[in-house]
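2 protein chains.
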Amino acid sequence: MDPFVVVGGDAAGLSAASKCKRENPDRDVVVFEKGSWVSYAHCGTPYYVKGAVDGLTDLVSLAPEEIDERGIDLRREHEVVDVDTDAGTVTVVGPDGERDQPYGDLLLGTGAHAIQPFDAGRDVFTLHGLPDAAAIRARIDPNFSPDNADLGPIAAETLRPYVDRPTPSVAAIVGGGYVGVEMAEALSAHGIDVHLFQRSDLLPAFGSAVAGAVIETLEAEGVTVHADTEVTGFDSDDGGVSGIRYDETRLNVDLAVVGVGIAPNVDLASDAGIALGETGAVAVDRYGRTDADGVYAAGDCAESRHAVSGEPTWVPLGLTANRAGRAIGQTVAGEPTPVGEIAGTAVVKAFELGAGRAGFVTEHAAREAGFEPVSETITAGSRSGYYPGAAETTVTLTADRGTGRVLGGSVVGTDRAAKRIDTLATALDAGHTVSEIERLDLAYAPPFSPVWDPILVAAKVLSDSV
Amino acid sequence: MDPFVVVGGDAAGLSAASKCKRENPDRDVVVFEKGSWVSYAHCGTPYYVKGAVDGLTDLVSLAPEEIDERGIDLRREHEVVDVDTDAGTVTVVGPDGERDQPYGDLLLGTGAHAIQPFDAGRDVFTLHGLPDAAAIRARIDPNFSPDNADLGPIAAETLRPYVDRPTPSVAAIVGGGYVGVEMAEALSAHGIDVHLFQRSDLLPAFGSAVAGAVIETLEAEGVTVHADTEVTGFDSDDGGVSGIRYDETRLNVDLAVVGVGIAPNVDLASDAGIALGETGAVAVDRYGRTDADGVYAAGDCAESRHAVSGEPTWVPLGLTANRAGRAIGQTVAGEPTPVGEIAGTAVVKAFELGAGRAGFVTEHAAREAGFEPVSETITAGSRSGYYPGAAETTVTLTADRGTGRVLGGSVVGTDRAAKRIDTLATALDAGHTVSEIERLDLAYAPPFSPVWDPILVAAKVLSDSV
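So the protein lines, in turn, are chains B and P. Residue numbers for the first sequence follow this note's numbering, beginning at 156 and rising by one. Residue numbers for the second sequence follow this note's numbering, beginning at 156 and rising by one.
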């Protein structure tokens, strides 16, 4: 049988390759990665920039040698430029030229790329991948030395231009999503005066309660938040970026990070005639199969099915990629396994604040998905009120008025608030109603929770409205 | 209509009284409490003894005045000594003598009491209620002064005998349940050399992985754990307890706390001919109704229904009491509301360690409940491995071999491990299988969790066995 060919050596691709090889060691598995990094943690890059993580290779989950040991034929610096679904081959360009590789099964794990709508000059960065992270760290960390840094395959000389100029003192961040919020913390840690620009709401998928708490925290930490502000572009001079333009005004900055979103890498699929979904990502069924025979897609380039709406959605996050890749590896190995639905569960840290969200949080989003939403936001303690360390925890819970089914929610606070969202993610998966959540037997002891966990308090209050 | 009469002014009773009065303000609600404390947090007493909580009234949720403001007729120091279910009356003995009180609905929230199998002399304590907590704190805290302490209705002079003798230096704790483990931490905080005696396993309902971690932590903190040790009694001299006898040996101690369990207060119910269940607690249906017309029972004196087995069980914990009381209050007010099932979810703190459990954790317990269990224990990180603060988290997951349904599990670790049990409690409520848990969309970001949350890792490993 022709090998299981995987395009892309990150979360989805290597999860699939590893699982397939483990379940069926006789199957040949080839992974093509166009870059030099494989199996790295995108989500860790802001903490590398911040300096909370020391070495760049700390962000690598599986070293190439470990991948070899699993019997996977990993080819870095090999770009798949074409898929022929009729012939069952991919065309690969590598250091030794171009060749065709037949596949028995094919997984597209091509990932996504950062959207950069600006005419960006020097010192205007996006953050998507380890080379970006290394460049920003080199630029802002006065203690960073390319020659002594753990950089993996990145050559020290490529970073020298970033360290040979004065360290920036004022930075603009454009975009108030994960990258924007996390980079505000990361840049502030280096003493940089940070201005965060956001066209509409901060972290819009988290809803207004989280946005309000995050803005309050950012500002308390010295970040200037420019909400509802349209950035029109950057000025630059010989030394790099010199200013940011917005709302007919201008601010001098000497560094900028643009985090306005990412888009799925779908050219390879669409050029091959593989169907995309309405979200723009590759359409897949519940086993991760595209509409081409034997061709799967997973990770940031592919759609998922939403646990609440049942509809295709595109929420490119790490667990989704790992889980779908693993399921596809198992399917390819002979045991058909669904990739699972997603609840859109996500957590984000802003200095000491943690926030989580799942499902449809805002009434707007719930209405778009066809529900008649009713929503309540409450504030409760994180522990018994008398127990040291108790802090306010704010929960938003949104439900469908007719059925009482819970559609989504958010949690925010400083004391272990973020992971409390897992309770809701699990309840969404189960299709629980508000009353069912209200009666959940959640854990109580004074050091960990009040008698009524904040999620239960929100359900109690919301139950009066549904 | 005759009033809604509540026997017992703690979690179940006052939750019911408050909810009923809120939903139906015209209904008369009378609460009889035989003691002087109402609405207090049992679970907080070890932290009061430790000194982490300063005042005794900090443990009170609702002050008597707040209860008055809700329109509840609260009678403290009134003991209900008889229930006549035919006449629909209770006999109450209070400061003004004995009288009969007719009821329209009656809730028995009589609680539980600490089991004390030993012939206990002076300085051999149990811990069940605020007077016990005050006495122990007075005895062990050299900075405690009855005249300056916040003691609520407790008279300072009653505590003077406890402070007028030398502070203990060696203490025995008998019993390795919640009270035993929490009191080990509390007594150690005062510099006391603590010996913990346990007949069988520590925290048996949590399973061996938690027990092992807790013992390791206790011993690292200087507590001597005597496992599998049968205590036979205490010696005393004029100054109080002087020794503990066990295994044909003896240890000098000058304080002892016995925490070998609690038993439900059911005499009032059984004397009235109300049926008890097999567990020995009052039998109730899914609305908290006993077999007597208009008579409910809730809290530590009543059974609950187990979410996994569907069978009656007795797990006296705070949320169960509050939740059942609230539901009964709503039912009595005219809107029938189930009290909810319990998953036996519980969390405990042992110094810096936190542990949670839900459902049937041990194979023995699962087999007793009629399942064919298979169980795995894994250790995973609490955060991404490269993120500061990541710590080992150990998860045990137990499932039914035939159906794959998850039956229970535990979590233990130092970094936000305990409340991770809520994911499992919610999944148990939903009747999830191992594969369904494996595909849950739990929250991931490096500061909060690895890509695969420890619960998901356990499900991945267990899925190979079911």
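Any given hint might turn out to be false.
When chains are identical, the list treats them as one kind, so a pair holds in a single copy or across two.
Stated by the list, open to error - Pairs of lysine to aspartate or glutamate, EDC-like flavour, derived with a Cα cap of 16 Å:
hint, residue 1, residue 2
1, 205, 570
2, 205, 446
3, 615, 178
4, 189, 448
5, 205, 376
6, 615, 383
Think of the hints as simulated: they come from the structure by calculation, not from any bench. Since the structure is predicted, the reported quantities are computational estimates derived from the model, not experimental observations.
Exercise. Tell me, which hint numbers fail for this structure?
Worked result: Violated hints: 1, 2, 4 and 6; rest satisfied.
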